[in-house]
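Visitor: One-letter residues, chain by chain:
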Amino acid sequence: MKRSLVFFFVLVVALSAFAGSSNKKESFAVTPAVHAADTDTMRALGEQRFRANCGRCHAAPQKFPPRAMSTVLRHMRVRATITDEDMRLVLFYMTQ
Amino acid sequence: MGLKLHYQNQKPHFARRWRTLLPRVIGVFLLQFFASGRGQSQVIDNEKPIPILSGTAGFLTSVTAGQTLLDTQINPVLLLPLGDRWLVESRGEFEGQFQRQPGGGSFGGPVDKHLDYLQADYIANRYVTFTAGRFLTPFGIFNERLYPEWIRALQPDPLILPIATASSDGAMLRGGFPVSPAVNLNYAAYVSATSIDVNGVESERHAGGRLGFFFPRSRVEVGASWQKVLQDDRKNTFGFHFAWQPAAVPLSVHSEVVRSNQGSGYWLEGAYRLSQAHFWQKAMRHTEVVAREQQFFSGNISSDDAQSFGLPGASARETDFGVNYFLKDGFKAVGSYGRQFSSAGNFNQWTVGIVYRFLVPLGRAGTP
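Going down the list, the protein sequences come from chains W and H.
So that you can map any letter, position 37 of the first sequence is 37 in this note's numbering, and since no number is skipped, the others follow by simple counting.
So that you can map any letter, position 92 of the second sequence is 1092 in this note's numbering, and since no number is skipped, the others follow by simple counting.
Honestly, I wouldn't trust all of these hints.
Across the chosen pairs, the derived CB separations fall in these ranges [stated by the list, open to error]: (1) A1333/H - A60/W: 15 to 25 angstroms; (2) A1248/H - E85/W: 21 to 31 angstroms; (3) L1211/H - A60/W: 24 to 34 angstroms; (4) Q1307/H - E85/W: 25 to 35 angstroms; (5) Q1307/H - A60/W: 30 to 40 angstroms; (6) H1278/H - E85/W: 32 to 42 angstroms; (7) Q1276/H - Q48/W: 13 to 23 angstroms; (8) D40/W - R1339/H: 43 to 53 angstroms; (9) Q1231/H - D40/W: 49 to 59 angstroms; (10) A60/W - D1232/H: 42 to 52 angstroms; (11) Q1276/H - D40/W: 21 to 31 angstroms.
Source of the hints: derived by calculation from the structure; they are not laboratory data.
Ideal Cβ positions, reconstructed from N, Cα and C, are used throughout, including at glycine.
All chains, please: the whole structure from these sequences, using the hints.
Guide: Okay, here's the thing in structure tokens:
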């Protein structure tokens, strides 16, 4: 029984570590994907996410300077619990 | 029989061992869960964020039951990003409410100032953000998302707004992530650990949470909130919210329902942007018409307690209509009319004014 528990524990650690490393790969893969993707497609996706997420509460604001927009989106990510992917796409759209 | 007895003897031993091991297993899972976002910071921001000062300034004139009130309000918001994952944010409220003194004379009244929130956020990964400090209580959607004057479609507060929305002082976990291509889940869980009442900073011990599901294709969000007071009567409060922005028409619908010891009620609001009108298009596309229907049902507290809490002293029903004209981005003229029906007396409420949303970068704002 003790051996089974140790095996189970090791399995859990291995699986969760693997899951963690998968996420890392995924997160790092976003940047090249964003840069390689067609700008128009990204902008269209960003606008779509912008209207779906930001439009839930307020009218479309003007586009602010990129670094200010980045701060605003970090704030909105927390405040409106928008997803990480949506935040990136909206930031791309709002800074183009 | 012997085998059964053997099993029965082993079961407590196994259960004991499992009880010991389970926290470790959960701990490892949690460590991995929180660690899974490491490295993500490199792609969180395309541009390095800078501190900004934003907020709302508004000047409103309202006439409620014949009594004129001049309301001047400034709500500065300071956002201070630190590194790739931190954000310190704060909002203050400075509000002057001026009325003509009884018997005539000039307008006068108190200037109230208080801190709505001062919080530090740590974005651990795509699933979890830790928040500590004083924060807006995530109960329903109005308090957190729709409260600022430049965002709200009607300037008068919903009748049920004071319920379960006192600011919290403690810690919170929150986040939003897709659970499928068609559904995003958002959540918040919090504990307000302190009970403070010093110089206008008030809080109470409570804990609660909110769970919401957003369907991006249909642009519908539904959710529920819960809060338990951890002092005095230890009552529970429940709330439900709904939001819908159909893609085909410039309509925005919001609603909240709440049930608590202090009272219960609902509000339902629709705001329609007249951008699809075929006449006076230049003006119409800047114009928004709004309607709100709401009802409040008295709870198990006295009328005086309810009023000191910011609630109506008796059950009430109110219907409001409004028009907003967007002069330019973040700058709008507002006007509304509402009538409240209550056993304590019916009255009209007129509101007109202007509100402005400002944003000032506190640093070099262009691309580095």
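Visitor: Give a verdict on every hint.
Guide: Each hint, compared with the structure:
The beta-carbon spacing between A1333/H and A60/W, approximately 18 angstroms, falls within the hinted interval of 15 to 25 angstroms. The hinted range of 21 to 31 angstroms is satisfied by A1248/H and E85/W, whose Cβ atoms lie roughly 25 angstroms apart. For the pair L1211/H and A60/W, the supplied restraint of 24 to 34 angstroms holds, since their beta-carbon distance comes to about 28 angstroms. Between Q1307/H and E85/W the beta carbons are some 46 angstroms apart, a value that contradicts the proposed interval 25 to 35 angstroms.
A hinted range of 30 to 40 angstroms for the beta carbons of Q1307/H and A60/W is consistent with their spacing of about 39 angstroms. Between H1278/H and E85/W the beta carbons are some 38 angstroms apart, a value that agrees with the proposed interval 32 to 42 angstroms. For Q1276/H paired with Q48/W, a C-beta distance near 20 angstroms keeps the hint of 13 to 23 angstroms intact. The hinted window of 43 to 53 angstroms between D40/W and R1339/H holds, with their beta carbons roughly 50 angstroms apart.
Between Q1231/H and D40/W the beta carbon distance is about 56 angstroms. The supplied range of 49 to 59 angstroms therefore holds. In this structure, A60/W and D1232/H meet the distance hint of 42 to 52 angstroms, their C-beta atoms being roughly 44 angstroms apart. Distance hint check: the CB atoms of Q1276/H and D40/W are about 26 angstroms apart, consistent with the given range 21 to 31 angstroms.
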